[in-house]
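K.L.:
Now for the letters of each chain:
There are 2 protein chains.
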Amino acid sequence: MPAPLGLIAGLGDLPVAIAENAVATGQGVHVLRLKGFEEPRLADFPGSVVGLGEIGAVISRLRAAGCEDLVFAGIVKRPNFSDLKLDLKGAALLPKVLSEARKGDDALLRVLVSEFEKSGFNVIGSDQAHANLLAPAGLIAGAPPSEMSLGDMLVAARVAAASGALDIGQACVVCDGLVLAVEAQEGTDEMLRRCAALPEAIRGREGARRGVLVKRPKPEQERRIDLPTTGVSTVELAAAAGLAGIGIEAGGALMLNRPAMMDTAERLGLFLYGFKPELGLDR
Amino acid sequence: MPAPLGLIAGLGDLPVAIAENAVATGQGVHVLRLKGFEEPRLADFPGSVVGLGEIGAVISRLRAAGCEDLVFAGIVKRPNFSDLKLDLKGAALLPKVLSEARKGDDALLRVLVSEFEKSGFNVIGSDQAHANLLAPAGLIAGAPPSEMSLGDMLVAARVAAASGALDIGQACVVCDGLVLAVEAQEGTDEMLRRCAALPEAIRGREGARRGVLVKRPKPEQERRIDLPTTGVSTVELAAAAGLAGIGIEAGGALMLNRPAMMDTAERLGLFLYGFKPELGLDR
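Chains A and B, in that order, give the protein sequences. Going by this note's numbering, the residue at position 70 of the first sequence is 696; the numbering climbs one at a time, nothing skipped. Going by this note's numbering, the residue at position 114 of the second sequence is 740; the numbering climbs one at a time, nothing skipped.
Be a bit skeptical, because a hint or two may be false.
Same chains, same names: a pair is fine if it fits in one copy or spans any two.
Derived DSBU-like pairs (lysine-lysine); straight-line CA-CA distance at most 35 angstroms [unchecked claim]:
(1) 711 <-> 902
(2) 661 <-> 902
(3) 729 <-> 902
(4) 711 <-> 661
(5) 715 <-> 902
(6) 703 <-> 902
In short, the hints are calculated from the structure, not lab data.
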């Protein structure tokens, strides 16, 4: 029997898709749901709930379950570090976590990956844990983007690359060359809701869609954690903001439930496009 | 008698302060309020209302009023260019405006400045039209920023510089090294309201303030138009977001009603700090 996949899980569709896939392929899964971010749909998988500061407990439970490969997936908000319940291992790691946390999300995540690797686990990305999650290259759904949309996608790819390089975020929206919104800690969904509230003069609408959402990983991102993720709700919110389509870095961002995303995009009249990873890196 | 100041005005406190100052200094003012953005407090000054596309009318009215110096001030949202009522001059300028508008706000504004200069006016900045509007250097109000706040101000100054270089916007919020929000088309007030809605774990609160709002001009900004502006409401919204203070580029951003801003900051426990223009340009 293969070693079950270790899954340290937050909220959302991604950890559910990974857990279901691990069961479907026969590998099996051991799910540690993080306290405060317990995804209900994961409750029936083998595993348990652990606190964010209980690093020692996480390691011993994964070892007891015989896990070798380990994946982090799902949404977890930064905790208030001073409120965390820590076990011995968590307490030993805290000073490093605190100092790296000040450098941004990515630095913080690197500390965790490194700690689990030192403990003998093989940390893999969501894309390795579940084939077919990564966006493919080229047109994925909808009509081919217009010349104007291709221009917006280029500008947005540039802005998202610069924004990622500064560890700000992984997404932005550009319409007719104008940067409508840049994602930081509020997340992509909130950013899209904000675009829908902008004056109609500077954005598109149903029937006259314009503007593009771009999602791409940070250039120096720890790709085994926190790859940018899109799903059906991303398509719906982009539609509500009047956008013409969504550009997703091919091989660099995840599409959850791709068939449903494609159906939604076709129905609402948006394109989904996997742009080449080098787009917008020319400055 | 000196030539009256020509004021092309949108909404907000800035054009009102400039108009009042021009009257107080004895220069006098001729105010052209822009249709759709008519500031009510400017209704009693000499002048009239003009449409955004009526460039010819603007020029002839300013000439008739004997204006030489011309200032643009106040908030105007991008119009839907296809809905604009254009006079001959406006129609002649439209193709250039449309092509530059796709490059961002700044490129769009440069076209307008250049057109008015070609027509013989001397376009000046709000800071030239009204001395004492620009932020001074050093501590302006409140207790000196802590080491942590100085660190946040540095990161925010870097992010705002990069964001400005891409013509995204002029402001951002950083707390404990983490970029909470970056301003684009929603404006600073909306960005601060969004910060107040973020989880308490990653931001400050009354009694335990942390995080800094930074406002600075874009590095290659047409400084005669659209200098970043702060006012009493900026201080109030920053306080509601739990921030420790506001960093304003000294000599590069405007403070409207500075005494009231300082009072508000002291009362709510925030610092106001004028940082040197070179801060954060080191990468």
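K.L.:
A separate judgement is required for each hint: does it hold in the structure or not?
P.N.:
To see whether the hints hold, each was checked on the structure:
1. 711 <-> 902: Neither, since 43 angstroms and 41 angstroms both go past 35 angstroms.
2. 661 <-> 902: Close neither inside one copy (38 angstroms) nor across copies (44 angstroms); limit 35 angstroms.
3. 729 <-> 902: both (28 angstroms within a copy, 23 angstroms between copies)
4. 711 <-> 661: within (11 angstroms within a copy, 58 angstroms between copies)
5. 715 <-> 902: Neither way: residue 715 and residue 902 sit 41 angstroms apart in one copy and 43 angstroms across, limit 35 angstroms.
6. 703 <-> 902: Close inside one copy (30 angstroms) and across copies (34 angstroms); limit 35 angstroms.
The structure fails to meet hints 1, 2, 5 from the earlier list, while all remaining hints are met.
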